[in-house]
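J.: The primary structure of each chain is shown beneath.
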Amino acid sequence: MAPLLPSQEELDRRKVVGFGLEKITNASNSEYPDFFPGETGFAWSVESFKKNFRVQIHELNPDESTFSLIGLDASIANAFRRILIAEIPTLAIENVFINNNTSIIQDEVLASRLGLIPLKGNKEGLRWMKWFKEAKDGEPGSTLTDYNTVVLHLDVQCTWQEKGKELFMKGETDSNKLYHNSNVYPSQFTQQPIGRQADFFSGENAVQPVNPDILIAKLRPGQVITLTMHANKGKGGDHAKFSPVATATYRLMPKIDITQPIIGDDAKKFARCFPRGVIKLEPVTVGEAKRKGSGYEGQEGNLKAVVADPMKDTVSRECLRHKEFVDKVKLGRIRDHFIFKIESTGQFDSDELFLESVRLLKAKCMKMKRSLGEMTSHV
Amino acid sequence: MSQPQDEEMDDAPTAPEAEDQNGEGEGEDEDDEPVQQLIRVLPGATETAASFEFKEEDHTLGNALRHIIMKNPDVEFCGYSIPHPSEAKMHLRIQTYDDQNVQDVLEKGLDDLMALCDVVVEKFTIAQEEYKATAA
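Residue numbers (this note's numbering), protein chains in the order written: chain U, 1 to 379; chain X, 1001 to 1136.
Bound-form chain U, shown alone (with noise of 0.2 Å):
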C-alpha cells in the first residue's frame, strides 16, 4: 500500500496546541514516525530538518536577548533552557576569608552575599580559567593556582568626615554628610592578579562586578570590614550564583484564529479582550462588503478585528469568556515556535550564551559516545 500522505492543511494543524476555554487539545508532539498508522516519513534527517529549521532574531544586546527557534521539539528547546541555566560554568565568589569584621553583618551572612554578586572580566580569560576541585571525602582537592582561583580585597573603614561630629550634634541625620564608607559597595573590590592572571585581567579587563552599587553592608565610624574573597568556577547546578544567566524562559508562539466576522463595537471589546498590540481594527473594504457570504455584506467602512501581533499575546483566554466571541475565535500554540527570552547576569553576552549551551549539548553527546564505545569495545 503506498503510504498515505497527510496534506500541508492537515500538517498546520498537527503543529497547533489547541487553547479552549477549560481545556487544551492536540498538546503532544505526533511527528514520529508510525504515529499515524499507514504514514510515513518524519524520521530524523539532518536535510530536512536543515530545511526546516529557522531561527528570527527579535532583539540582541548584551545583556538581553529575545529570538525565535521555529521546527525544534520541546525537548531540544528545553535542554538549552536547561542547560543556560545550570551548566554554563561561570566565575564567582566561593570562599571568603575575614580578617576583620566588625560591623553589624554577621560573617557568614556577608559571605552569602559576597557570592551572590555577579562578576565580569576578561571573557577570554574566563574560558582560560579551569575547575577548582574541592577536596572531599580525604581525596585531596585542586591547589591554588592562577589558572583556578581569582583573588580579590576588600579593606574598608567607616570614619567621621571633617565636620561630622559638629554636624551630628546639629541633628543631621544623612549618613553621607556625616560619614566616609558608611556603605560598602562591591565597587570597593580590588583584584590582585597572580601568574599568568596579568595577562587577561588588567585594566578594564580586571575581575570586576558587573553592577558597582549593589549594598553589602552598612558602617559606622570605627567600624572595619577587611576580607580576602577566592572566586572559582562553577555550575549553576551547584549553585545559582554560578547562573550565567538572570532568566532563561521560552514560550510557544500564540496563535488567533477570527473564524468569523467580528464587526463594530463587538470588535472594539474583542481588542480589549487582548494585551494593546495584538488585535487591530480596520474598515471593512468594498471588495469584502461585496462578496457574498462573507459575513461582511452592507457593513462597508465598519470597523472589523483583524489579527495584528499575536507574538504580543498571552493567551490569556479572556475572549472565550464572553458568549458573543466563543464560535467566531480559535485560540492556540504552535507547537514549534519557541520564543526565547535570555537574560544574562552579565559575564557573557546572552547570545553568546545561547549559543555556548548548544554546544555544551553537543559535548555531553560527545562524552556519551566515547564512554558508549568504550563500553563496548569492553565486551
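Keep in mind that the hints are not guaranteed to be accurate.
Below are the DSS-like pairs computed for lysine-lysine, each with C-alpha atoms no more than 25 Å apart in a straight line [what the hints assert, rightly or not]:
1) U:K233 to X:K1055
2) U:K50 to U:K341
3) U:K268 to X:K1108
4) U:K136 to X:K1089
5) U:K130 to U:K241
6) X:K1089 to U:K233
7) X:K1132 to U:K312
8) U:K15 to X:K1123
9) X:K1055 to U:K369
10) U:K241 to U:K268
11) X:K1055 to U:K15
12) X:K1055 to U:K51
13) U:K241 to U:K341
14) U:K51 to X:K1132
15) U:K369 to X:K1132
16) U:K51 to X:K1071
17) U:K241 to X:K1108
18) X:K1108 to U:K235
19) X:K1132 to U:K341
20) U:K136 to X:K1108
21) U:K235 to X:K1089
22) U:K123 to X:K1123
23) U:K362 to X:K1123
24) U:K369 to X:K1108
25) U:K367 to X:K1132
26) U:K50 to X:K1071
27) X:K1089 to U:K369
28) U:K367 to X:K1071
29) X:K1123 to U:K341
30) X:K1089 to U:K50
31) X:K1123 to U:K133
Examples of chain U residues toward chain X, derived with CB under 8 Å [claimed, not checked]:
32) S30
33) P33
34) V46
35) F49
36) F53
37) A79
38) R82
39) I83
40) H153
Since the hints were made in silico from the structure, they are not lab data.
For clarity, every value in this text was computed on a predicted model and none was experimentally measured.
Where a beta carbon is used, it is the ideal one built from N, C-alpha and C, also for glycine.
Since chain U is already given, all that's left is putting chain X on it; use the hints.
T.: Chain X only, in chain U's frame:
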C-alpha cells in the same frame, strides 16, 4: 513481534551481567568522579531491547535523546526515567524492530543530536550576523 524477543530473553542475562561487573568494578565504589564509564547496560538486555544507565545525567540529555531516538524508524519504543531524584542517574530504555542492535541505535541517536546542534549553531550564527548587519 513478541515471540522472538521472549526467546532471546532466556539466554540474555549472562552476557550483559558479565559486562556489568567489568564496568562496575572500576567505576562505582572507589571513585565515581573521574572520567570512568558513564554508561552501563542494565541486566536483562537483549540485542534488540536494553535499558542504559547514564551517570550524572538528567532530563537535559534524557528527554532530548529520547526524542531523537524516537525519530528513528527502526525504534519500536524509547523512553527515559530518573528512578530516584537523589541519585544522579538517568535510565534510557530502547526497543528496536527486527534485528537492529540497540547500541547502534543509541549511537545513531547521539550522532543525530550532535548533527542537530551543528545546524542550530550554524543557523543561529547566520541570523545573528544578519541582525547585526541590519541594526548597524
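J.: Does the structure keep U:K136 and X:K1108 at a Cα separation of 25 Å or less?
T.: Measuring from Cα to Cα gives roughly 37 Å; hence the hint is violated.
J.: Under the criterion that the straight-line Cα-Cα distance not exceed 25 Å, is the pair X:K1055, U:K15 satisfied?
T.: violated (34 Å)
J.: Mind checking the alpha carbons of U:K130 and U:K241 for me, to see if they're no more than 25 Å apart?
T.: holds (17 Å)
J.: CA of X:K1108 to CA of U:K235, is that 25 Å or under?
T.: violated (29 Å)
J.: Is X:K1089 within 25 Å of U:K233, Cα to Cα?
T.: Holds, because 24 Å separates the two Cα atoms, which is no more than 25 Å.
J.: Does U:K51 sit within 25 Å of X:K1055, going by the straight-line distance between their CA atoms?
T.: violated (34 Å)
J.: Interface hint check: U:P33, Cβ to nearest Cβ on chain X, cutoff 8 Å. Holds or violated?
T.: Constraint on U:P33 satisfied, holds at 4 Å.
J.: For U:K241 and X:K1108, compute the direct alpha-carbon distance and say whether it is at most 25 Å.
T.: Outside the cut-off at roughly 36 Å; violated.
J.: Does U:V46 meet its interface restraint, that is, does its C-beta lie within less than 8 Å of any C-beta in chain X?
T.: Constraint on U:V46 satisfied, holds at 5 Å.
J.: Verify the proposed pairing of X:K1055 with U:K369, using a straight-line Cα cut of 25 Å.
T.: The given pair, whose Cα atoms are some 13 Å apart, holds under the 25 Å limit.
J.: Verify the proposed pairing of U:K51 with X:K1071, using a straight-line Cα cut of 25 Å.
T.: holds (17 Å)
J.: Checking hints one by one. Is U:F49 an interface residue toward chain X, by the C-beta closer than 8 Å rule?
T.: holds (6 Å)
Hint violations for this structure: numbers 3, 10, 11, 12, 15, 17, 18, 20, 25, 30, 31, 32 and 40, all remaining hints satisfied.
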